[in-house]
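Undergrad: Residue numbers (the UniProt record's numbering): 1 to 240.
The hints are simulated quantities; they were obtained by calculation from the structure and are not laboratory data. You may find that some hints are simply not true.
[Said to hold, decoys possible] Pair by pair, the computed Cβ-Cβ distance ranges are:
1) E167 - K123: 16 to 26 Å
2) S119 - N179: 35 to 45 Å
3) L32 - V106: 55 to 65 Å
4) Q133 - E177: 19 to 29 Å
5) G168 - Q127: 20 to 30 Å
6) I121 - H180: 17 to 27 Å
7) P152 - M35: 47 to 57 Å
8) E177 - Y131: 15 to 25 Å
9) K157 - S119: 11 to 21 Å
10) M35 - G125: 26 to 36 Å
Model, not experiment: these values are computed from the prediction. By construction, the Cβ of each residue, glycine as well, lies at the ideal position given by its N, Cα and C atoms.
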Amino acid sequence: MDETSLGIDLNVSPYYKTDDTPQMNDDMAGELNQMRLKNKKLREMITVVLENSNSLQNHVNKLMQEHDSFASNTNKRKFSQCDDRNSSESRKSLHQESLKSRNDGVTKVYRRTDPSDKSMIIKDGYQWRKYGQKVTRDNPCPRAYYKCSFAPSCPVKKKVQRSVDDEGLLVAIYDGEHNHENVESEHKVASYERFKSSKEVGRFDAIFVEQMANSLRKNPDFIEELAVAISSKILEHDVF
DNA sequence: CGGTTTTGACCGGCGC
DNA sequence: GCGCCGGTCAAAACCG
Numbered sequence: 001m002d003e004t005s006l007g008i009d010l011n012v013s014p015y016y017k018t019d020d021t022p023q024m025n026d027d028m029a030g031e032l033n034q035m036r037l038k039n040k041k042l043r044e045m046i047t048v049v050l051e052n053s054n055s056l057q058n059h060v061n062k063l064m065q066e067h068d069s070f071a072s073n074t075n076k077r078k079f080s081q082c083d084d085r086n087s088s089e090s091r092k093s094l095h096q097e098s099l100k101s102r103n104d105g106v107t108k109v110y111r112r113t114d115p116s117d118k119s120m121i122i123k124d125g126y127q128w129r130k131y132g133q134k135v136t137r138d139n140p141c142p143r144a145y146y147k148c149s150f151a152p153s154c155p156v157k158k159k160v161q162r163s164v165d166d167e168g169l170l171v172a173i174y175d176g177e178h179n180h181e182n183v184e185s186e187h188k189v190a191s192y193e194r195f196k197s198s199k200e201v202g203r204f205d206a207i208f209v210e211q212m213a214n215s216l217r218k219n220p221d222f223i224e225e226l227a228v229a230i231s232s233k234i235l236e237h238d239v240f
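Please work from the sequences and hints to get the whole structure.
TA: Okay, here's the thing in structure tokens:
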């Protein structure tokens, strides 16, 4: 690939002119227009991604409601027994998604992971300190015990264990409510406040896109949902 | 050096 | 009382 294939003609670059101050020529105007078009396309893509994210969130909420009603219909069984036995049923609708259910201050989160990934980490925006690990009788996979890093002021604990019949499914049981802000959401609020006070309206697009990209790039859930959304769009339109 | 993880020991609840 | 089991403690190891 050479410079002509890139649409760049070095001989007519404004920086080759004797005048020190670069002047807008036809090539630069064309590049500027192309950049504007690309920016517009990026904004449209972000809009589509956000819409997909919202629809996914709605779908997850629906699943949560279905799961809760199912759990209440089967409350003759002990709650702790529901984990792994329900997982094979919920798994069918859980592909690539997480699911939450609550019971008496105990929150359960199901998270699909790569079965080859042996780590027991579920990123939820809070910082945790592991204080124990135990192999339980009904599951050969060890159960990890975590306390919130803000303990003892924050009483929240969580247990993380792989599902007994699906090693790709992590089950996290949260006990209690955090009495402080989520570290990630704090960071997002802080960066939004900085953005709001920046007053650089002319750089609105650049700052907005950069901050969104940085924020989303660090979010593994978003990457996962983005991959699902894109693949579903590819299948839907059968293009590329 | 301070925070986190690992891991064996210990504790308490429960069923027999 | 005894054994089993889940949960927690705490010292040592590890890591940035």
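Undergrad: All hints, please: hold or fail.
TA: Here is how each hint holds up against the structure:
One distance hint, 16 to 26 Å for the beta-carbon pair E167 and K123, holds here, with the actual separation near 19 Å. Roughly 28 Å separates the CB atoms of S119 and N179, a value that falls outside the hinted 35 to 45 Å. Between L32 and V106 the beta carbon distance is about 57 Å. The supplied range of 55 to 65 Å therefore holds. Look at Q133 against E177: about 24 Å separates their beta carbons, and that is inside 19 to 29 Å.
Range check, G168 to Q127: about 25 Å between beta-carbon atoms, so the 20 to 30 Å window is met. About 21 Å separates the C-beta atoms of I121 and H180, a value consistent with the hinted range of 17 to 27 Å. The given range of 47 to 57 Å is respected by P152 and M35, whose C-beta atoms sit roughly 54 Å from each other. Our hint of 15 to 25 Å for E177 and Y131 holds, since their Cβ atoms are close to 19 Å apart.
For K157 and S119, the Cβ-Cβ distance of about 19 Å falls inside the hinted range of 11 to 21 Å, so the restraint holds. With their beta carbons about 35 Å apart, M35 and G125 fall inside the hinted range of 26 to 36 Å.
This entry does not satisfy hint 2, going by the numbered hints stated previously; all others are met.
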